[in-house]
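Chains A and B supply the protein sequences, listed in that same order.
Number 555 in my numbering belongs to position 187 of the first sequence; there are no gaps in the numbering.
Number 644 in my numbering belongs to position 405 of the second sequence; there are no gaps in the numbering.
It is possible that some hints are incorrect.
As the list claims (entries may be wrong) - The list that follows gives simulated cross-link-like pairs (lysine-lysine, PhoX-like), each with its CA atoms no further than 20 Å apart: (1) B:K418 / A:K647; (2) A:K593 / B:K498; (3) A:K585 / A:K508.
Said to hold, decoys possible - Derived Cβ-Cβ restraints for the label pairs, each shown as a range: (4) B:S586 / A:A747: 27 to 33 Å; (5) A:E406 / B:R523: 49 to 55 Å; (6) B:N589 / A:G827: 55 to 61 Å; (7) A:P667 / B:P535: 49 to 55 Å; (8) A:T476 / B:A439: 46 to 52 Å; (9) B:D434 / A:Q491: 51 to 57 Å.
By construction, these hints were calculated from the structure, which means they are not laboratory data.
Ideal Cβ positions, reconstructed from N, Cα and C, are used throughout, including at glycine.
Given next are the chains, with one letter for each unit.
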Amino acid sequence: MQDRELLMRALETAKQKGASYADIRLNRYLRQSINTREKRVTNISNSESFGFGIRVLVDGTWGFAASQNVTAAEIDRVAAQAVAIARANRAAQGKPVVLAPVKAYRDTWQTPVMKDPFRVPTQNKIDLLLAINAAALKVKGAAFCTSNMNFVKEEKQFASTEGSEIEQVIIRQAPSFTVTAVDRQAGKFKTRNSLAEPIGAGYEWTESYPWVAEAEKAAEQAVQKLSAKSVEPGKYDLILAPSNLWLTIHESVGHPTELDRALGYEANYAGTSFLTTDKLGKFKFGSDIVNFFADRTQPQALATCGYDDDGVPTHEWDLIRNGVFVDYQTTRDQAAWIGQKESHACSYGDSWGSVPFQRMPNVSLRPGKEKLTLDELIADTKRGILGEGRSSYSIDQQRYNFQFSAQLFYEIRDGKIAGLVEDAAYQAITPEFWNSCDRICSEGYTLGGSFYDGKGEPGQVNAVSHGCAAARFRNVNIINTARTM
Amino acid sequence: MSLTRDEARDIIRRTLEMAKADETEVSIEANREANLRYANNEVSTSGDVSNVVITVGAYYGKRRGAASINQYDDESLRRVVQRAQETARFAPEDPESMPLLGEQKYADRSHYDEATASAAPESRASVARHAIQLAKKTNLVAAGFMTNSGTVSALGNSRGLFAYDRLSRATFSNTVRTKEGNGSGWAGTNADRLDQMNAAALVDTAAEKAVMSKNPRSLDPGTYTVILEPAAVADLLLYFAFQFDARSADEGRSFFSKKGGGTKVGEKVLSDKVTIWTDPGDTRAPGPVFAGGGLPTSRVSWIENGVLRNLVYSRFWADKMKAEPVPSPVNIIMKGGTGSIADLVKSTKNGVLVTRLWYIRFLDPQSVLLTGLTRDGVFKIENGKIRHALRNFRFNDTPVSVFSKLDAMSREVRTRGSESEDFSIVCPAVRTQFTFSSASEAV
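Please model the entire structure based on the sequences and the hints provided.
Right, dumping it as structure tokens:
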């Protein structure tokens, strides 16, 4: 039986069993992972996962079931199971689910790539990874280097009882490395990770990134970190480079603007949000220069696609405008909760076997309007700290209190970089932090992102990017985390 | 999806017959998991998902590659075998490659429960209904999640090894909040049989804590006498156990590295009250009979009266260091005391009770220094009684200090942490010195 016939059979069976709405995703996921350490390839693996998930609404209650056995008989069984689950749950349903309207689309979409990573010979990738390790290990004092590449290709077919039939191919990759410097006599070690971030692009991006030069520099910096001075704790003006700031945006802006969190639907796991619905349109989240937008359309961003898993076309909208909180991230079954007529296309399930729900789109900080480079911002700072690269990150379940570290912290004295400092972390309360933002660079907008943003029960991962230029925050609490055992 | 021993053996046999590499290993993981989630006093998402993943490892001398697929018709098996073989041919020789294991002897035990693996949707819906009704009646807001599942793991290779195991699992956790959002309580656990789990009692505990945690007062950050409930201990224990790798210790990049070289095995690293081990045969948290590569699992002592006894050795590292291979822990058990958490509270003059921890991340792997937050119930204890609720805290502290400074423990119980929800852990509540570094307004 052809795929399309199977899709239509699932929808027809669900309707016959009593579903008022049904959709099916028939998806294939290809993944490749290559890991190396020093001169060795420690792992090469390729995986393929194929299956379907059927989602139904019965009397306003969701049901979902899925299987890897893609046959007509199994489609029938799973469609009936999804309806049976919805029926069993009906008695515990509060208000019935209402879906925001969407047109029927028959369309295809694909991540624009020049080189499909799954067609690039494995040998090329191994050669590059071992070259990274060799460059790092040439540096005196660098003891270990691990490097890896992860590639994902999602081939997705979606069909709904409302007439949509959408095919998409989405490609993402996450190359990285870590250098470790060890001082055995002192019993100390330090690491420095690559500042490269996962990206929704073809292998041409990996070929163009200056891996070998960064590996050598990273190794030198790992060694320098062994003897860098411990930070003097206190209040500093903090400048965050995009390689660090993206994760702070993810945690302190991306998560609290998820509507399901704000309304309590993640209370048992990821948590709720301090951005409750009564604050919409009023709350001063950040200073006047702070503007955040959400989208799933930016080229090379990880959450970018043509349609979400509800079949809604993707678009861009504002979350924070001139410092004021103005909108949430939504799906079709959430829009009505805040009186909106359309979904913002944030529905995503991380596998054929995962129920789609609201996941974070790309959330990005608009560059500053005044012309400003990072060098000029540093020159404008008397006593400060500059953070580069993601490191330890932790934030509470309502997204108030956060504490983040960096791969590299530099002390700034009188407008100049005065060297590396160690053991630092910045700790702040989200709205206080964003209200202390006094300058945002106009130059150097860069995407950072995560392959593994976790949410939901059962846990699902989402890949998402955050764009920004460097920004400065005044009088931020810098703590010293050193602890000797 | 449940596979019998014979069905699993048949898939492995068919796959090995197609293989042309020098040596081939085939593993199968077949899983069926059903779940139900509720929040805001109504059901939200649910599901019933079956999957079978077949992974093939192909070996040409010291070259190896792996590929997996989730279909097991002949064409799919042929494709995954070819993919693994092509990958292996591309791979450079791995000097650390070890020969596959031959036939092994495994413990003859199974805690698998079919009723748990295949429970009907109504059994999950009834728990949700009970929790939601109770919350509505008491003007609270309930959120929770439950699963029941069955997993078959099988492994075979061209040297005649065959291993098969089945595990069933039930999980439940719930968070109850006050309508005003000024109080929140949590309770949850994992079990290997549905009939070992008392979901109604967990609902009651979360509701009680939600009410008790209303109108919290502030307490200055600092170091306090703190009782960490088992869910909080579980997370610290797991982060500590993540460090049990002998190779990292020998390479000088672990808490267990000795200054000047070598590991701390044989050294006292924690309070002499602390004993930690792994035991897959412990019925409170049963583990699989085999680990990666088909190595049989058995009881391993990690910490005995505060002294480090063992570390994890891969087969390669064991060979190099002339040690026995030791698989990564399949469960973690920490010996407790004899009383309850209530007894610990009763014997505490001035302290803080912490329900669980949240968003824990490494600050420094060298000292196992972690940061994270308290969540869903923090209380002030005065003269053996819980006096009032406290606001949440961020902590910057290390399990090494927590388990060195502990002075009392409750009896150990099966539990689950926030960062370790799937890991099988049995541990006590502990009373220790714990450092809160900043306050959090979050409820």
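Exercise. Quick one, are A:K585 and A:K508 close enough, alpha carbons at most 20 Å?
Worked result: holds, 12 Å
For this session: Take a quick look at whether A:K593 and B:K498 sit within 20 Å of each other, Cα to Cα.
Result: The given pair, whose Cα atoms are some 19 Å apart, holds under the 20 Å limit.
For this session: Using the Cβ atoms, figure out if A:T476 sits within 46 to 52 Å of B:A439.
Result: Since A:T476 and B:A439 have Cβ atoms about 50 Å apart, the given range 46 to 52 Å holds.
Exercise. So the hint says 55 to 61 Å: do the beta-carbon atoms of B:N589 and A:G827 match that?
Worked result: Violated: the Cβ-Cβ distance is about 38 Å, outside 55 to 61 Å.
Exercise. Has the given pair, B:K418 with A:K647, been kept, meaning a C-alpha gap of at most 20 Å?
Worked result: Cα-Cα ~17 Å, so holds.
Exercise. Does the Cβ distance between B:S586 and A:A747 fall inside 27 to 33 Å?
Worked result: About 60 Å separates the Cβ atoms of B:S586 and A:A747, which means 27 to 33 Å is violated.
Exercise. Is it true that A:E406 and B:R523 lie within 49 to 55 Å of each other by Cβ?
Worked result: The hint (49 to 55 Å, Cβ to Cβ) is violated, given that A:E406 and B:R523 are roughly 41 Å apart.
For this session: May I ask you to test the hint 49 to 55 Å on the CB atoms belonging to A:P667 and B:P535?
Result: Holds: the Cβ-Cβ distance is about 52 Å, inside 49 to 55 Å.
Exercise. Is it true that B:D434 and A:Q491 lie within 51 to 57 Å of each other by Cβ?
Worked result: Hint holds: Cβ distance 54 Å, inside 51 to 57 Å.
Consistency with the previously given hints fails for numbers 4, 5 and 6, ordered from lowest to highest.
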